[in-house]
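So the sequences go chain by chain: A and B.
Residue 189 in this note's numbering is what sits at position 189 of the first sequence, and the numbering runs on without skipping anything.
Counting from 1 along the second sequence, just add 200 to a position and that's the residue number in this note's numbering.
For the record, the hints were derived by calculation from the structure and aren't laboratory data.
Heads up, some of the hints might be wrong.
Claimed, not checked - Stretches of chain A that chain B covers, calculated by requiring three or more beta carbons in the stretch to come under 8 Å of a beta carbon on chain B:
1) 37-49
2) 73-83
3) 113-125
4) 158-164
5) 173-185
Claimed, not checked - Straight-line Cα separation of at most 20 Å, EDC-like style, residue types lysine to aspartate or glutamate; simulated pairs:
6) A/Lys86 to A/Glu40
7) B/Lys248 to A/Glu40
8) A/Lys132 to A/Glu122
9) A/Lys132 to A/Glu184
10) A/Lys167 to A/Glu152
11) A/Lys167 to A/Glu183
12) B/Lys248 to A/Asp17
13) B/Lys268 to A/Glu184
14) B/Lys248 to A/Asp63
15) B/Lys275 to A/Glu115
16) B/Lys275 to A/Glu122
17) B/Lys248 to A/Glu183
18) A/Lys28 to A/Asp46
19) B/Lys248 to A/Glu45
20) B/Lys242 to A/Glu42
21) B/Lys242 to A/Glu40
22) B/Lys242 to A/Glu117
23) B/Lys268 to A/Asp17
24) B/Lys248 to A/Asp16
Stated by the list, open to error - Partial chain B-side listing against chain A, Cβ under 7 Å, derived:
25) Trp209
26) Ala232
27) Val243
The beta carbon of each residue, even a glycine, is placed where N, CA and C say it ideally should be.
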Amino acid sequence: MTDENAWVLQAQQGNDDAFTQLVEAYQKPVYNLCYRMLGEPETAEDAAQETFLRAYQNLHRYDSSRSFGTWILSIAAHYCIDRLRKKKFSVFSMDAEDEDGTPFEVADPASPDPEAESVKKEDRNRLHLLLKDLDATDRAAVIMRYWYDYSEVEIAQSLKLTVSAVKSRLHRSRKALAGMWQEEKSRAHPERRSRESLAF
Amino acid sequence: MNHLPFEEWLLNNNRITLEQQRDLDLHLRTCAYCSALAETGKVLSTAKMVTPAPGFTMRFQARLAERKIAERRRKLWGAALFTLGGLVLLMWMIGPYLASFIASPATWISVVVGWLVFVGTTLFALIDAGAVILRMIPKFLPPFAWLVLLSTFAGVGLLWSVSIWRFVRAPQGV
Chain A
1 MTDENAWVLQ AQQGNDDAFT QLVEAYQKPV YNLCYRMLGE PETAEDAAQE
51 TFLRAYQNLH RYDSSRSFGT WILSIAAHYC IDRLRKKKFS VFSMDAEDED
101 GTPFEVADPA SPDPEAESVK KEDRNRLHLL LKDLDATDRA AVIMRYWYDY
151 SEVEIAQSLK LTVSAVKSRL HRSRKALAGM WQEEKSRAHP ERRSRESLAF
Chain B
201 MNHLPFEEWL LNNNRITLEQ QRDLDLHLRT CAYCSALAET GKVLSTAKMV
251 TPAPGFTMRF QARLAERKIA ERRRKLWGAA LFTLGGLVLL MWMIGPYLAS
301 FIASPATWIS VVVGWLVFVG TTLFALIDAG AVILRMIPKF LPPFAWLVLL
351 STFAGVGLLW SVSIWRFVRA PQGV
């Protein structure tokens, strides 16, 4: 039996310390999902805390044949989707990632090319901003696919969708993101677009 | 512009041959949409995790403790309101009877005593009737019928005991 399974079992029997171990282990993925979904560090913190509280209250419903990580991320995703549906976020702050050396983003200290790293970071921030224009469920699917490497089957289980629905949502989202990305680039560099070509 | 099959390759992250890669590169030079698709795919594949501010677990523990206190308080208030509501309802229902009992207790006491006497005499009469029937029945029932009857009672009794035992025994495992 792994540590995680033992913690889950002990937590199900009412051991709060065991549940704390689970919080310690899953705080980062849960917080990241909430942050990517909601966009603001304060709201993400609140959503992540609420996710763990909901998990604590519903621990007796957890099916141990499933991965605990998938289960808790599914709670987080559903909570964020509900929250987004209830309240339209008018402001989508990127404060935490705008500044260099932000305490929240895991930086790559071994980067050999700081300039390239900076461009990459800028691109990541731009893409993060574009995520807000996706439908809440599509956003959750994209986050699970690219931030957590979830398979389409796992996403389908987590979001209570069919695998084909996940596929079509992922494709639709990727196309929408590409469209917005293209639009934004041509807005930012209208003269470059006509002369320059991208090489991969 | 026709984006096929390049769009498919980019969306599904398909493994492509060197020749296909060359075709894709050529297409990306002329197609802004597929370039954007490739670029966003690349950015998504290098997506990074953000971490919460330090002390997340401690803040969770504090929040959990608060939630538990609030829950306990809510249950307490619920129980108090339920009890109070029940008492008010009870008083509303028995209020008129209580008032009349306090006004004339002798009448009520005589009614209650009369009712108790009625219940007592009815019970005694039923016992007497039962005894007579029990004395009469054995003369009409053959021994075989007695055997069947007693076996049925024993079987039902056993079934009942086993059912009770299965319901009340401690659960085994989770």
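A quick look at each hint next to the structure:
Remark: the stretch 37-49 of chain A is confirmed as covered by chain B, as 5 of its residues place a Cβ nearer than 8 Å to a Cβ of that chain, reaching the required three. A count of 0 residues in the stretch 73-83 of chain A with a Cβ less than 8 Å from any Cβ of chain B is obtained; the coverage claim is therefore unmet, three being the minimum. Counting residues of the stretch 113-125 of chain A whose beta carbon lies closer than 8 Å to any beta carbon of chain B gives 3, which meets the minimum of three for the stated coverage. Here's how the stretch 158-164 of chain A fares: 0 of its residues keep a CB closer than 8 Å to some CB of chain B, so the rule of at least three is not met and the hint is violated.
With 8 residues having a Cβ less than 8 Å from any Cβ of chain B, the stretch 173-185 of chain A passes the three-residue criterion, so the hint holds. In summary, the hint linking lysine 86 of chain A to glutamate 40 of chain A is supported, as the alpha carbons are separated by about 16 Å, within the 20 Å threshold. Taken as a hint, the lysine 248 of chain B and glutamate 40 of chain A pair is honoured in the structure, with Cα atoms around 16 Å apart against an allowance of 20 Å. For the hint pairing lysine 132 of chain A with glutamate 122 of chain A, the CA-to-CA distance comes to about 16 Å; that is within 20 Å, so the pair holds.
Between lysine 132 of chain A and glutamate 184 of chain A, the direct Cα distance comes to roughly 14 Å. Compliance with the 20 Å bound is thereby established for this hinted pair. For the hint pairing lysine 167 of chain A with glutamate 152 of chain A, the CA-to-CA distance comes to about 7 Å; that is within 20 Å, so the pair holds. Proposed proximity of lysine 167 of chain A and glutamate 183 of chain A is contradicted: the alpha carbons are some 24 Å apart, above 20 Å. Restraint check: the Cα-Cα separation between lysine 248 of chain B and aspartate 17 of chain A comes to about 29 Å, which exceeds 20 Å; the hinted pair is violated.
Of the supplied pair hints, the one linking lysine 268 of chain B and glutamate 184 of chain A is violated, its CA atoms being roughly 48 Å apart against a limit of 20 Å. This hinted pair does not check out: lysine 248 of chain B and aspartate 63 of chain A have alpha carbons roughly 29 Å apart, beyond 20 Å. Note on lysine 275 of chain B and glutamate 115 of chain A: the hinted pairing is violated, with a Cα-Cα distance of about 59 Å set against a maximum of 20 Å. In summary, the hint linking lysine 275 of chain B to glutamate 122 of chain A is not supported, as the alpha carbons are separated by about 51 Å, beyond the 20 Å threshold.
Under the criterion of a C-alpha separation no larger than 20 Å, the hint pairing lysine 248 of chain B with glutamate 183 of chain A is inconsistent with the structure, at around 24 Å. Distance restraint check for lysine 28 of chain A and aspartate 46 of chain A: the Cα-Cα separation of roughly 13 Å lies within the 20 Å cut-off, and the hinted pair is therefore satisfied. Taken as a hint, the lysine 248 of chain B and glutamate 45 of chain A pair is honoured in the structure, with Cα atoms around 17 Å apart against an allowance of 20 Å. A C-alpha spacing of about 28 Å is found between lysine 242 of chain B and glutamate 42 of chain A, which places the hinted pair above 20 Å, so the restraint is violated.
With a CA separation close to 24 Å, the supplied pair lysine 242 of chain B and glutamate 40 of chain A exceeds the 20 Å bound. A threshold of 20 Å between alpha carbons decides the hint, and for lysine 242 of chain B with glutamate 117 of chain A the separation of about 13 Å falls inside it, so the pair holds. Of the supplied pair hints, the one linking lysine 268 of chain B and aspartate 17 of chain A holds, its CA atoms being roughly 15 Å apart against a limit of 20 Å. With a C-alpha separation of about 31 Å, the suggested pair lysine 248 of chain B and aspartate 16 of chain A falls outside the 20 Å cut-off, and the hint is violated.
Below 7 Å, beta-carbon pairs count as interface contacts, and tryptophan 209 of chain B has none with chain A, the closest being about 12 Å; its hint is therefore violated. Using the Cβ-Cβ criterion of 7 Å, the hint placing alanine 232 of chain B at the interface with chain A is satisfied: the shortest such distance is roughly 5 Å. This hint holds: valine 243 of chain B has a C-beta 5 Å from the nearest C-beta of chain A, less than the 7 Å allowed.
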